[in-house]
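Make the full structure from the sequences, and use the hints.
Taken in sequence, the protein lines are chains C and L.
Residue 22 is where the first sequence starts when you use the working numbering, and the numbers rise one by one after that.
Residue 22 is where the second sequence starts when you use the working numbering, and the numbers rise one by one after that.
Treat each hint with caution, since some may be false.
Note: identical chains are not told apart, hence a pair may lie in one copy or across any two.
As a list, the in silico EDC-like pairs of lysine to aspartate or glutamate whose alpha-carbon atoms are at most 20 angstroms apart [what the hints assert, rightly or not]:
1. K245 with E214
2. K180 with E193
3. K288 with D137
4. K91 with D135
5. K180 with D150
6. K98 with E57
7. K51 with D267
8. K130 with D47
9. K245 with E153
10. K130 with D45
11. K94 with D58
12. K91 with D58
13. K245 with D267
14. K130 with E280
15. K180 with E214
16. K94 with E134
17. K34 with E57
18. K106 with D58
Quick caveat, the hints were computed from the structure, so don't treat them as lab data.
Please read these numbers as outputs of a predicted model, since none were measured by experiment.
There are 2 protein chains.
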Amino acid sequence: MTTQQLTDQIRKKKSFLCIGLDVDLDKIPKHLLNEEDPIFAFNKAIIDATHHLCVAYKPNLAFYEAYGLKGWKALEKTIMYLNVKYPEIFTIADAKRGDIGNSSTMYAKAFFEDLDFDSVTVAPYMGKDSVEPFLAFKNKHTILLTLTSNAGAFDFQTKTVDGRPVYEQVLETSKTWENSSRLMYVVGATKAEYFTDIRKIVPKAFLLVPGVGAQGGNLQAVCKYGMNENVGLLINSSRAIIYASDTAYFDEAAAQKAENLQLEMAKILAS
Amino acid sequence: MTTQQLTDQIRKKKSFLCIGLDVDLDKIPKHLLNEEDPIFAFNKAIIDATHHLCVAYKPNLAFYEAYGLKGWKALEKTIMYLNVKYPEIFTIADAKRGDIGNSSTMYAKAFFEDLDFDSVTVAPYMGKDSVEPFLAFKNKHTILLTLTSNAGAFDFQTKTVDGRPVYEQVLETSKTWENSSRLMYVVGATKAEYFTDIRKIVPKAFLLVPGVGAQGGNLQAVCKYGMNENVGLLINSSRAIIYASDTAYFDEAAAQKAENLQLEMAKILAS
Chain C
22 MTTQQLTDQI RKKKSFLCIG LDVDLDKIPK HLLNEEDPIF AFNKAIIDAT
72 HHLCVAYKPN LAFYEAYGLK GWKALEKTIM YLNVKYPEIF TIADAKRGDI
122 GNSSTMYAKA FFEDLDFDSV TVAPYMGKDS VEPFLAFKNK HTILLTLTSN
172 AGAFDFQTKT VDGRPVYEQV LETSKTWENS SRLMYVVGAT KAEYFTDIRK
222 IVPKAFLLVP GVGAQGGNLQ AVCKYGMNEN VGLLINSSRA IIYASDTAYF
272 DEAAAQKAEN LQLEMAKILA S
Chain L
22 MTTQQLTDQI RKKKSFLCIG LDVDLDKIPK HLLNEEDPIF AFNKAIIDAT
72 HHLCVAYKPN LAFYEAYGLK GWKALEKTIM YLNVKYPEIF TIADAKRGDI
122 GNSSTMYAKA FFEDLDFDSV TVAPYMGKDS VEPFLAFKNK HTILLTLTSN
172 AGAFDFQTKT VDGRPVYEQV LETSKTWENS SRLMYVVGAT KAEYFTDIRK
222 IVPKAFLLVP GVGAQGGNLQ AVCKYGMNEN VGLLINSSRA IIYASDTAYF
272 DEAAAQKAEN LQLEMAKILA S
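In structure tokens:
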């Protein structure tokens, strides 16, 4: 998918919401545990109920790997279901991968070819030759961890290198990599005051923004400082939407929560 | 496994060799492709031929994920085979994971509980609350990416923060984390001159050292500057050993390459 197609979808749906599919068998409605594949059954219901309110889904790989083969199977079924039934949806493998050259190519093949995701999240620590293998894939996007929404972000990301914080160095350096136009960046919503400087470095790139909702980020502030002329934002919400209820009506409850955010986004887009 | 048990194994086998199981179906002997599970068949033959010459095996997750369900199944069989048949061997899931709190716990469960690896490699970029969930597991080890052996290591890892390089900050900061005694560190062999300073910060920790062999690192120099009184080094070699030959005698060829390194290690340990 191209970023133009993503922006078109945003304008049409009046939404730049991404829903995180962090499926925890201890948290999903109990009646689903009788299904042959509870993880996929949960995802399918959530997707069917919310696909018109969001533009992207983001399965978090940690939650699938924790269930071994069963989890990997559920992931395969989920991405296949999305690609076949809702091909307009932008898909993100939240995998936070990153390794040396040849290994990164293998990871890229796993997510871009075998599973056919539109994008994958990647860690920057190992530098250029760990990220460029992902960037080599046409019409695929690499979402680089930049400034995350957790407390540990202050351990290294905000430390000053040559007069500017590490995360700004990551942004600047990444622009020099081959096919850097296929980059997007993870920037946490909990740090809205940083968006102004980030937009000076990457005015056009899409930013994937976690931390709205459960982690307390402020949607208005993020949009004020982070939005560009193509919107340029994907706001992720996971638990606050998918675990809105654990009753038989969990999918409707999730849709309600998603709609609340979508309506707020529609207002922002119209203003 | 405790680090004492690892050191005991090193003394007994006169080896601190780790063999990387980076299984690429394009590179393994052609006759194995007729097997029901060619990846596992390859691993089993390599392990049976080399287990007395090394103390650790390190499957690189990228190579298994690239084959989807088939790859994940082969990984499960490989770790189970190692744990049942060679329980003295130290096992490393080279996964380079790292995510926020709850997600890191899920990754830790995947590798430490579901697959029962002794250790997993983790990226430091997201800081304390992305690594401590791994450190919470008793008798398990978290191997933090510190100074890697690729060219991209110079993009961020060696940049100066508050008067010292980022990778030294990673070492210092990681020592303040809960259960930091369960940490080990990845330090590339291609940068032997850095080992002296690294040993000043983490004198007792085990260092996992890639880059000997295919990447040109020097075993003698690494040992001179990196070894401590408990040896404290695991030297990894992957392709140079496992792809020594693509004939029917690939396992014997791999054992020969492994023995060459083991003999050099025995000499160093005796000196």
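Comparing the hints with the structure gives:
Within a single copy, K245 and E214 get their C-alpha atoms as close as 10 angstroms, which meets the 20 angstroms cut-off; across copies the closest is 48 angstroms, which misses it. For the identical chains of this complex, K180 and E193 are neighbours both inside a copy (15 angstroms) and across copies (14 angstroms), given an alpha-carbon limit of 20 angstroms. Taking identical chains as interchangeable, the C-alpha atoms of K288 and D137 are never at most 20 angstroms apart, the minima being 33 angstroms within one chain and 50 angstroms between chains. Taking the shortest Cα distances, K91 and D135 sit within 20 angstroms of each other both inside one copy (17 angstroms) and across copies (11 angstroms).
In this assembly of identical chains, the alpha carbons of K180 and D150 lie at most 20 angstroms apart only when taken from different copies (17 angstroms versus 23 angstroms within one copy). Taking the closest pair of Cα atoms, K98 and E57 come within 20 angstroms of each other only inside a single copy of the chain (13 angstroms); across copies the shortest separation is 24 angstroms, beyond that limit. Proximity of K51 to D267 under the C-alpha cut-off of 20 angstroms is restricted to the intra-copy arrangement: shortest distance 7 angstroms within a copy versus 51 angstroms between copies. Taking the closest pair of Cα atoms, K130 and D47 come within 20 angstroms of each other only across two copies (14 angstroms); inside a single copy the shortest separation is 31 angstroms, beyond that limit.
In the homo-oligomer, the alpha carbons of K245 and E153 never lie at most 20 angstroms apart, since the shortest distance is 31 angstroms inside one protomer and 34 angstroms across protomers. Proximity of K130 and D45 under a CA criterion of 20 angstroms is satisfied inter-copy only: 12 angstroms between copies versus 26 angstroms inside one chain copy. Both within a single protomer and between protomers do K94 and D58 lie at most 20 angstroms apart by alpha-carbon distance, with minima of 9 angstroms and 18 angstroms respectively. For the homomeric pair K91 and D58, the shortest alpha-carbon distances inside one copy (8 angstroms) and between copies (19 angstroms) are both at most 20 angstroms.
In this homomeric assembly, K245 and D267 never come within 20 angstroms of each other (Cα to Cα): the closest approach is 34 angstroms inside a single copy and 59 angstroms across copies. For the homomeric pair K130 and E280, neither the shortest alpha-carbon distance inside one copy (35 angstroms) nor that between copies (34 angstroms) is at most 20 angstroms. In this assembly of identical chains, the alpha carbons of K180 and E214 lie at most 20 angstroms apart only when taken from the same copy (16 angstroms versus 25 angstroms across copies). In this homomeric assembly, K94 and E134 come within 20 angstroms of each other (Cα to Cα) both inside a single copy, at 16 angstroms, and across copies, at 19 angstroms.
For the homomeric pair K34 and E57, neither the shortest alpha-carbon distance inside one copy (33 angstroms) nor that between copies (48 angstroms) is at most 20 angstroms. Taking the shortest alpha-carbon separations for K106 and D58, only the intra-copy value of 19 angstroms comes in at or below 20 angstroms, while the best inter-copy value is 33 angstroms.
Taken one by one, the earlier hints fail for this structure at numbers 3, 9, 13, 14 and 17, listed in ascending order.
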